[in-house]
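S.K.: Take a look at the letters that make up each chain.
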Amino acid sequence: MKALHRGYVTSPVLIALWSVTTVIVVAIALALGTGTAARPSIPMSLLLGGAIGIAMPLLHRRSLVAIAAALIFAALTSIGFGPMEFGEEIGTLGGALAGAVTGLAVAFSASRIVGDLPFAGMDRHEFEHCVIRFLIGFGFVVFTASVLIPFGVMVATSLKSQQELLQNPLDYSIDLSKGWGLLRSYRELFVDYSFGSYLWTSFYVSVVTVLVTLLFSVPGAYAVARLRFKGQRHLSQSILLIYMVPMIVLALPIYMAFSVAGLRNSILGIVLIYPVTTIPVALYILQGYFKGIPVEIEEAGLMDGLSRLSVIRRITLPLCLPALASVSLYVFMIAWNEFLLAFMLLDDPSKFTLTRGVAMLNSSEIPRQHLMAGAVIASVPVLALFMGLERFLTQGLTAGSVKG
Amino acid sequence: MEDRTAVPPKGPKPLQKQEARLAWGMLLPTIVSIALIVVLPLLAIFWISFKPVSLGDLRAPSPIANERLRGELSAPGDRATIEYRLRNSHAQNRITGVELIDTIPEGLAIEELDDRCELAGQRLTCTLGDWEGGHRESLQLPVTAEIEFPDGPPNPRDSAPVLSGEGQSALTGWDLTLDNFIAVFDARDFLSVLWATVFYTVVGTIGALVAGLFAALLLNQTFRGRGVLRGLFLFPYVVPVIAAAFTWITLFDPFSGSANALLLQMGFTQGPINFFGERPLALIMVTVFEIWRYFPLSFLFILARMQAVDAGMFEAADMDGASPFQKFRYLLLPQLFGILSVLFLLRFIWTFNKFDDIFLLTGGNAGTRTLTVNVYEQAFAVSDIGAGAAVAVVIFFCLLGFSAIYFWALRHEEEL
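Residue numbers (this note's numbering), protein chains in the order written: chain C, 1 to 404; chain W, 1 to 416.
Accuracy of the hints is not assured; some may be wrong.
Here are the simulated DSBU-like pairs of lysine-lysine, each with C-alpha atoms no more than 30 Å apart in a straight line [what the hints assert, rightly or not]: (1) W:K327 with C:K230; (2) C:K291 with W:K13; (3) W:K17 with C:K230; (4) C:K178 with C:K230; (5) W:K327 with C:K291.
Worth flagging that the hints you see were computed from the coordinates, not collected in a lab.
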């Protein structure tokens with residue numbers, strides 16, 4: 001480790017790695033954003049990054065290094081010998097521009113990562129700080145890309161036509177001149193595949209699930225949290241245990257029982273079964289909240305002559321509104337996203353929920369952009385709800401549920 | 001002298017009793033619904049796992065009759081035969097007390113009556129006894145025409161024969177067997193299923209935890225756009241699994257997927273890679289998907305815990321000259337140990353339980369069949385419900401073990 005504690009070792013190593021990261025990011029961004037064929041050259045990126053890494057602590061003049069890096073990257077890229085190689089269509093000028101931007105980006109981040117490093121000896125603090133800065137940058141790039149790329153591809157694919165997708169599977173640039181024509185897949189889903197009705201089914205199934213869940217779990221949670229009776233402690237543990245039984249184990253007998261009872265292929269069956277999957281979670285979260293409310297408030301109500309039930313209705317529930325909101329949101333999300341039961345129990349396309357409807361689109365006869373448009377339709381409402389009320393959801397999630 | 005101090009009454013007081021009654025009353029709907037949809041199916045699964053049942057056996061065996069008229073009937077005196085072809089719909093299970101009731105068309109005289117049958121007017125009643133599984137026979141009734149049939153012979157099928165009998169369903173009865181379990185453990189691919197389960201669960205859990213810790217460290221500092229990134233990082237967890245899984249399938253499609261096109265263009269591979277169809281790549285891919293989808297959850301919990309850590313401790317450490325890595329290793333990590341271990345255990349159980357993700361991504365092919373996917377595979381793809389139930393029972397016992405460890409750890413945690 002000691003050998004690494006020198007500016008002229010640490011800096012080029014880190015910046016060379018950073019340079020490779022940057023070049024790959026730029027290449028992917030260019031490929032997906034414009035459809036340009038971009039091929040990163042790992043050895044060249046390492047070499048140039050290493051050079052910047054040496055220059056930075058040696059010269060300590062950030063802007064000078066940045067300008068030099070931009071020029072060198074641009075020059076090398078335009079003669080086809082740079083950290084990236086491009087196809088013909090981008091031209092010398094485009095290549096030079098892309099190279100310059102990459103060079104600037106590498107040099108700028110290099111100044112942030114190793115800008116204040118001494119060239120020779122450095123202490124442990126300086127070393128660890130610059131490694132951490134590198135890791136932070138790297139982490140942000142990796143996490144952001146890993147989330148943005150799939151969701152970007154999902155949205156962009158849904159806006160393409162079959163022909164465009166076959167022509168170049170990398171080109172996700174959006175041709176705005178098509179106007180409303182971009183939304184063709186969506187229109188077809190709503191018109192030909194009755195996604196409007198699936199959307200509505202999913203919505204009311206989720207709402208009913210939330211209502212039934214609250215109706216069952218609020219009194220149950222209150223009893224577990226507040227009332228004293230034998231077996232209280234064991235009960236709250238068994239709730240958690242129930243919550244760990246996987247659905248696939250139960251799905252088989254439920255499928256058989258529903259077939260016999262004629263509940264398969266009916267929304268009633270779905271609405272009967274969804275709340276049972278969410279009641280244990282809701283009960284577990286809510287009892288935690290109820291325990292947090294001071295007993296004295298309730299006792300004051302009891303002393304003043306309220307019955308237990310009116311204490312719950314007039315005192316406890318109003319105090320728990322945020323908790324109820326977050327539980328409702330969480331349950332809504334579970335019901336909206338539920339796939340397995342809908343998949344096993346619903347066969348009749350007129351009764352599909354949204355997730356079941358999207359599953360139906362996964363066939364070789366239905367083009368990919370329809371499937372992705374379906375995925376967008378299924379994701380947008382729950383994402384919008386979540387974005388608007390993130391605070392509640394996060395609270396609900398962290399309040400005691402780790403369901404996945 | 002008599003002891004006059006008041007002795008409190010033994011046993012629960014009336015108020016306590018009332019409170020307990022109220023509590024059970026409030027819990028009753030939940031307990032009933034959970035008993036119906038969780039406990040009952042669990043018992044059913046146990047029962048089925050000891051029965052030799054396949055998907056087709058779910059219908060109880062029933063007697064089936066096929067009736068037809070052999071021979072010509074037009075003028076009085078013509079002779080023909082009414083034939084009932086009878087069979088048990090089930091290959092193994094018996095039907096007891098089979099009875100056939102039919103109406104013989106007007107104008108036909110029965111020459112010879114089978115000795116199991118009786119005729120009252122036009123009404124034919126045959127008591128056919130017990131049928132073994134797969135039983136077949138043919139019941140013949142020679143008839144003579146008594147009148148003329150100008151419009152062709154009467155069709156005995158105009159009145160369908162009614163059969164009754166007690167069929168024993170494959171699901172009842174005491175013929176229990178261990179064959180399902182033997183089949184599950186003996187199967188050639190059992191080791192591969194076990195390996196996929198262990199790999200997926202262990203690597204998926206630890207990966208999601210480490211990624212979540214990393215993400216929490218990134219966002220545990222104040223900078224502009226932090227709220228946006230925080231929301232963005234939660235995306236994979238919030239969207240429906242079906243949307244996430246199909247997006248990955250589209251992205252990694254061997255022929256039209258962008259990932260392959262990108263790798264080819266960048267010169268990292270020579271030919272297309274079948275990410276979800278090759279061993280052992282498919283297993284790695286579904287595990288990466290699991291990490292990607294569930295790191296937000298660990299991230300959320302770890303971040304919440306980090307923000308509750310006392311900042312004064314770090315200031316003290318700064319004064320003592322601790323380096324950043326030392327602060328992480330010796331100050332922050334011990335603080336996070338509690339939440340990390342709880343998360344590990346819960347995530348472990350949930351990952352072990354996971355079905356949808358793998359089912360959607362690979363359908364359990366290419367060495368990605370975990371125990372939960374195996375339940376579906378056995379019960380629905382192979383139609384062997386008994387074997388599927390046996391796998392489910394195995395899963396249930398694994399979970400019981402994990403839960404015991406979890407509760408033990410939880411208690412341990414409280415003591416600390």
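S.K.: If a hint holds in the structure, say so; if it doesn't, say that too.
M.R.: How the hints compare with the structure:
1. With a CA separation close to 47 Å, the supplied pair K327 of chain W and K230 of chain C exceeds the 30 Å bound.
2. For the suggested pair K291 of chain C and K13 of chain W, the alpha carbons sit about 24 Å apart, so the restraint of at most 30 Å is met.
3. Proposed proximity of K17 of chain W and K230 of chain C is supported: the alpha carbons are some 10 Å apart, at most 30 Å.
4. Among the hinted pairs, K178 of chain C with K230 of chain C is inconsistent with the structure: their alpha-carbon atoms are about 69 Å apart, more than 30 Å.
5. Restraint check for K327 of chain W and K291 of chain C: the C-alpha separation of about 35 Å exceeds 30 Å, so the hint is violated.
The structure fails hints 1, 4, 5 (numbered hints given earlier, in ascending order).
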